[in-house]
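If you're matching them up, the sequences are chains A and B in order.
Read in order, the letters of the first sequence are residues 1 to 428 in the working numbering.
Read in order, the letters of the second sequence are residues 1 to 463 in the working numbering.
Each hint should be verified, as a subset may be incorrect.
[To be verified] One-sided and incomplete, this derived list gives chain A residues near chain B with beta-carbon spacing under 8 Å:
#1 42
#2 46
#3 84
#4 91
#5 92
#6 299
#7 306
#8 314
#9 317
[Claimed, not checked] Listed next, the stretches of chain B that the computed footprint assigns to chain A, with coverage defined by at least 3 CB atoms under 8 Å from CB atoms of chain A:
#10 24-32
#11 123-130
#12 140-146
[Unchecked claim] Straight line, CA to CA, 30 Å or less: simulated DSS-like cross-link-like pairs of lysine-lysine:
#13 B:270 / B:328
#14 A:225 / A:129
#15 B:154 / A:331
#16 B:125 / B:33
#17 A:41 / A:21
#18 B:33 / A:331
#19 B:406 / B:181
#20 B:406 / A:331
#21 B:438 / A:331
#22 B:125 / B:208
#23 A:128 / A:42
#24 A:39 / A:128
#25 B:109 / B:125
#26 B:142 / B:208
#27 B:109 / B:168
#28 A:46 / A:235
#29 B:270 / A:331
#30 B:125 / A:331
If you are wondering where the hints come from, they were derived from the structure by calculation, not from laboratory data.
Cβ coordinates follow ideal geometry from the N, Cα and C atoms, glycine included.
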Amino acid sequence: MNIFREIYQSIVRRDPLSTDKGKTELVFLNVWLHIHPAKVKKEHMKFRHTFYLGFISFFLLLILITTGIALMVYYRPYPAAAYQDMKDLQFVIFMGPFLRGMHRWAAHGMVACVFLHMCRVFYTGSYKKPRQFNWVIGVVLLLLTLGMSFTGYLLPWDQLAYWAITVGTNIGSYAPVVGGMLKEVLLGGHSVGEGALIRFYVLHVAVLPLLVVLFTVVHFWRVRKDGGLSRPVWKLKAPKTAPLVQIGGTAEVAPLAVQAASTEKTYGLMEVVTGKPIFETVTPEEDDDAVFSYPYAFVREGITLMATVTTIMSMAIFLRAPLEELANPAKTPNPAKAPWYFLGLQELVSHSALLGGVVAPALMVIALLVVPYIDRNPSRRPRDRKWAIWLFTAFVVVNLVLIVIGTFFRGPGWALVPPWVHVTGGAE
Amino acid sequence: MERRLQQYFFVLSVLSLLLIVGAAYQASTPAWKRYQKQYLSLEAQGEPNAITKAAVLATPPEVHQVMLTGLQRVDRCTTCHMGVEDPTMKNAPEPFRYHENLGPHIPSKFGCTICHGGQGLATDKDDAHGNVEFWQSPLLTKEYVRASCGRCHKDGEVPGVPELSEGKRLFENQGCRGCHKLNGVGGTIGPDLSLEGANHRAPEWLEKHFLTPNEVSSGSAMPNFHFTRDQAKALTYYMLSLTSEDMGSYYSTVRLIPGPEFGRQIFQEKNCINCHNVGGVGQKVGPDLLGVVGRHSPEWLDEQLINPELVYPGSSMPAYDLDGNSRKALMAYLAVVTPADVQALLSQKPHVLSPSDVAIEAGRQDFARFGCVGCHGTELQGGVPNPNAQGGEVPSLLHLSDDYTKDEVLAVIRNGRVPPLDNPNGPPPPLYMPAWKKVLSDEDINRVADFLWSKQQKKADGW
Chain A
1 MNIFREIYQS IVRRDPLSTD KGKTELVFLN VWLHIHPAKV KKEHMKFRHT FYLGFISFFL
61 LLILITTGIA LMVYYRPYPA AAYQDMKDLQ FVIFMGPFLR GMHRWAAHGM VACVFLHMCR
121 VFYTGSYKKP RQFNWVIGVV LLLLTLGMSF TGYLLPWDQL AYWAITVGTN IGSYAPVVGG
181 MLKEVLLGGH SVGEGALIRF YVLHVAVLPL LVVLFTVVHF WRVRKDGGLS RPVWKLKAPK
241 TAPLVQIGGT AEVAPLAVQA ASTEKTYGLM EVVTGKPIFE TVTPEEDDDA VFSYPYAFVR
301 EGITLMATVT TIMSMAIFLR APLEELANPA KTPNPAKAPW YFLGLQELVS HSALLGGVVA
361 PALMVIALLV VPYIDRNPSR RPRDRKWAIW LFTAFVVVNL VLIVIGTFFR GPGWALVPPW
421 VHVTGGAE
Chain B
1 MERRLQQYFF VLSVLSLLLI VGAAYQASTP AWKRYQKQYL SLEAQGEPNA ITKAAVLATP
61 PEVHQVMLTG LQRVDRCTTC HMGVEDPTMK NAPEPFRYHE NLGPHIPSKF GCTICHGGQG
121 LATDKDDAHG NVEFWQSPLL TKEYVRASCG RCHKDGEVPG VPELSEGKRL FENQGCRGCH
181 KLNGVGGTIG PDLSLEGANH RAPEWLEKHF LTPNEVSSGS AMPNFHFTRD QAKALTYYML
241 SLTSEDMGSY YSTVRLIPGP EFGRQIFQEK NCINCHNVGG VGQKVGPDLL GVVGRHSPEW
301 LDEQLINPEL VYPGSSMPAY DLDGNSRKAL MAYLAVVTPA DVQALLSQKP HVLSPSDVAI
361 EAGRQDFARF GCVGCHGTEL QGGVPNPNAQ GGEVPSLLHL SDDYTKDEVL AVIRNGRVPP
421 LDNPNGPPPP LYMPAWKKVL SDEDINRVAD FLWSKQQKKA DGW
């Protein structure tokens, strides 16, 4: 039996989890878990502060990678085969519809969750010093997520895919000077065809996922280095009266000094470098509410993971991922619509190609990127940030309203048609 | 709280496991496996002993598919319809029943969807029968399925489907080409119909459209031709057959059906009657051909047609270079040939016409062939309603010479014309004269004008 014990101990080298040392070692002896601190404050885990949206987005990414690799086995990225492979997934491949359904719903879910995560970060002021640049990385991740979803949209090669990408890339081509070239490079031609399919495929399964993973790693690393998960620092209770600390002296000799213990908690690389640490430091705060990451943080992450997985699985079982007719370049649906998250843009483009297709989206992205650098207000308390919150809410609402109009209120010829009015296709 | 959370985690984990198991169960119990089981038990009933019965029942379930690269499709219909090629399943319940009268169209060579429509790739009923969103060719009903014959058999008659040739005849005679293009020739007022069968319109829609065009597409410029129900059905058949099947060589070589019509043509071309006679009509050099099909087996006749010397050494009959289809067609004609028909063939001498009459006759044919009759009528009487055109209808062409010179008429045919409006503020009239100069040669246009003028003159003469 000794050999088995030896094998086990060679794999799990920490002390038993019943000990504090074991709980600590579980985190920092493990390459996957050591992004966590060994101990976390309870407010870091407060659901109603973060809604765990970052975790959910990350778990959706894991689902997407897993199901995506499985789907790659069955998919051939050229027009003659792509659509038939979709039909095969639906009709003859074991659990094919389930696989494709999970991938699809996780993809839409990720676009939504990443966006909501950004909203949460804004409303809690979590992009403020020292986390400014992590916000910028987050915006890049949002754009990459949209890119992933957009490139995946074409792959089924049905009418929905074909025309959504045609409309989407047309919006891109309105950019001055580079627009036309951009469209051509992306499509490998003037219109969506074989070239576009293979380019979108390579972007979707190789280039973009790699970038997403790399940026996610940096994003997580910075969260950890910048003081851990966001928490409502403005709600922290006042410290208990500081205990007195006696410096020097014994019972016989009078002490050198008696003073209040420092309430400021800092971390740093002791005796190696000098200077102030870059980390988030908060004063004042309670220091007796820290708990071990195991099990407190891990069980919450586990619940989030399982809840995400079960939700996506249930959707895959009960909601069929749509597949329209085979792509037909000669038959334009009326109206041809971009993917839903670009319908706000398409709505703008319908009013002005230059303003809606170029100026507005460029301004939106630039505005998001510079948010942490123009918001000079140091406070994270919502009461102190009324202007910022109003402005951002306006931004979100305008985007959502445009998307809702584009999705539900636009009929043939991009005419305003409420969703409860049924319009038959164009005349003969 | 913490204990509760750990319970949640446990419950969610079990739930996700159940979902996976559920999805796997759902995936491993498709309806087609049930059908295959039912079919196997039907088949086992016919087995003589318990061992073979068990062997049949033990056949593992699998998707059956016919890969038809030549027809650009994969049909999985036989996954459930397992008895289509098994005559013992003649009286079996659907979906297992034997398909009678298939002739050469065996599913392993042709699949099913080429004739029946539906979604060949699908393996569950609703999807396979195409009664789902985003699949545009649902199964054709019994009433219309024979229209599919015309998708491959485009030339000549299709035995058992008179509707196809009747529809084609109506299309050419009623002047449909005046408004509709077909294979590059025709007007521009209505839609091009060259690939109408590939548009996946419901046959019921088409038929209704032929009966009352305005009822199914409001504001349609198409006049009501007052077709009978049978004529509307024939036209529907013809429309459904207008597809461009991209067929492999196997299919394109066998698609001409060797019927007696074709045989009669060969009989005439090869001048068989120069040596043979039928019931005494013709020459006596060769034997009488009346009833020759009854006297000899098809194989004997076939060999005789390939090389007569092999059958009768020293035969004076030449070896004609006829392909298999032509030989079959010729035999089909000989089976139905009558002395009266041969007499008709013999009396078909070239009709003697003066050169000017020939030109006018050609003009009359062009007038019909290019669809002018659709609006202007076979007797040039016009009268097809055309709202908001002056007079409210397509004008008669019998009085042209009163108002126009021949050159003016030629110009109108060449360049087309929008009729003058009755009410200048109203909508443009749905029908107009298309420009024909790109469709017709100058020669054709001149002939049509000559024909029109011939009609005018005859009227002036009090004809």
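Verification of the supplied hints:
1. The interface hint given for residue 42 (chain A) is broken, as the beta carbon of that residue sits about 11 Å from the closest beta carbon of chain B, more than 8 Å.
2. Proximity of residue 46 (chain A) to chain B is violated relative to the hint, the smallest CB-CB distance being about 13 Å (cut-off 8 Å).
3. Here the hint on residue 84 (chain A) is kept, as its CB sits about 7 Å from the closest CB of chain B, short of 8 Å.
4. Hint on residue 91 (chain A) holds. Least Cβ distance to chain B is approximately 4 Å, under the 8 Å limit.
5. Because the beta carbon of residue 92 (chain A) sits about 5 Å from the nearest beta carbon in chain B, less than 8 Å, this interface hint is met.
6. Hint status for residue 299 (chain A): holds, given a least beta-carbon distance of 5 Å to chain B, under 8 Å.
7. Taking 8 Å as the C-beta contact cut-off toward chain B, the hint placing residue 306 (chain A) at the interface holds, the least distance being around 4 Å.
8. The interface hint given for residue 314 (chain A) is met, as the beta carbon of that residue sits about 6 Å from the closest beta carbon of chain B, less than 8 Å.
9. Nearest Cβ of chain B to the Cβ of residue 317 (chain A): about 6 Å, under the 8 Å cut. The hint holds.
10. Residue count for the region 24-32 of chain B with a Cβ under 8 Å from a Cβ of chain A: 4. That meets the three needed, and the coverage hint holds.
11. With 3 residues having a Cβ less than 8 Å from any Cβ of chain A, the region 123-130 of chain B passes the three-residue criterion, so the hint holds.
12. Counting residues of the region 140-146 of chain B whose C-beta lies closer than 8 Å to any C-beta of chain A gives 0; at least three are required, and the coverage claim is violated.
13. Note on residue 270 (chain B) and residue 328 (chain B): the hinted pairing holds, with a Cα-Cα distance of about 15 Å set against a maximum of 30 Å.
14. Restraint check for residue 225 (chain A) and residue 129 (chain A): the C-alpha separation of about 13 Å stays at or below 30 Å, so the hint holds.
15. Distance restraint check for residue 154 (chain B) and residue 331 (chain A): the Cα-Cα separation of roughly 26 Å lies within the 30 Å cut-off, and the hinted pair is therefore satisfied.
16. A hinted pair counts as satisfied when its Cα atoms are at most 30 Å apart, and residue 125 (chain B) with residue 33 (chain B) qualifies at roughly 12 Å.
17. Pair hint residue 41 (chain A) plus residue 21 (chain A) holds up; C-alpha atoms about 18 Å apart against a cutoff of 30 Å.
18. A C-alpha spacing of about 37 Å is found between residue 33 (chain B) and residue 331 (chain A), which places the hinted pair above 30 Å, so the restraint is violated.
19. Restraint check for residue 406 (chain B) and residue 181 (chain B): satisfied, since their Cα atoms lie roughly 27 Å apart, inside the 30 Å limit.
20. Distance check on the hinted pair: residue 406 (chain B) and residue 331 (chain A) sit about 43 Å apart at the alpha-carbon level, beyond 30 Å; violated.
21. In summary, the hint linking residue 438 (chain B) to residue 331 (chain A) is supported, as the alpha carbons are separated by about 26 Å, within the 30 Å threshold.
22. Taking the CA atoms of residue 125 (chain B) and residue 208 (chain B), the gap is near 28 Å; set against the 30 Å cutoff, the hint holds.
23. A threshold of 30 Å between alpha carbons decides the hint, and for residue 128 (chain A) with residue 42 (chain A) the separation of about 21 Å falls inside it, so the pair holds.
24. A C-alpha spacing of about 24 Å is found between residue 39 (chain A) and residue 128 (chain A), which places the hinted pair at or below 30 Å, so the restraint holds.
25. At most 30 Å may separate the alpha-carbon atoms for a hinted pair to count; residue 109 (chain B) and residue 125 (chain B) meet this at roughly 23 Å.
26. Taken as a hint, the residue 142 (chain B) and residue 208 (chain B) pair is honoured in the structure, with Cα atoms around 18 Å apart against an allowance of 30 Å.
27. A distance of roughly 28 Å separates the Cα atoms of residue 109 (chain B) and residue 168 (chain B); the hinted pair therefore holds under the 30 Å criterion.
28. Among the hinted pairs, residue 46 (chain A) with residue 235 (chain A) is consistent with the structure: their alpha-carbon atoms are about 12 Å apart, no more than 30 Å.
29. At most 30 Å may separate the alpha-carbon atoms for a hinted pair to count; residue 270 (chain B) and residue 331 (chain A) exceed this at roughly 49 Å.
30. Distance hint between residue 125 (chain B) and residue 331 (chain A) is fulfilled; the C-alpha atoms sit about 28 Å from each other, no more than 30 Å.
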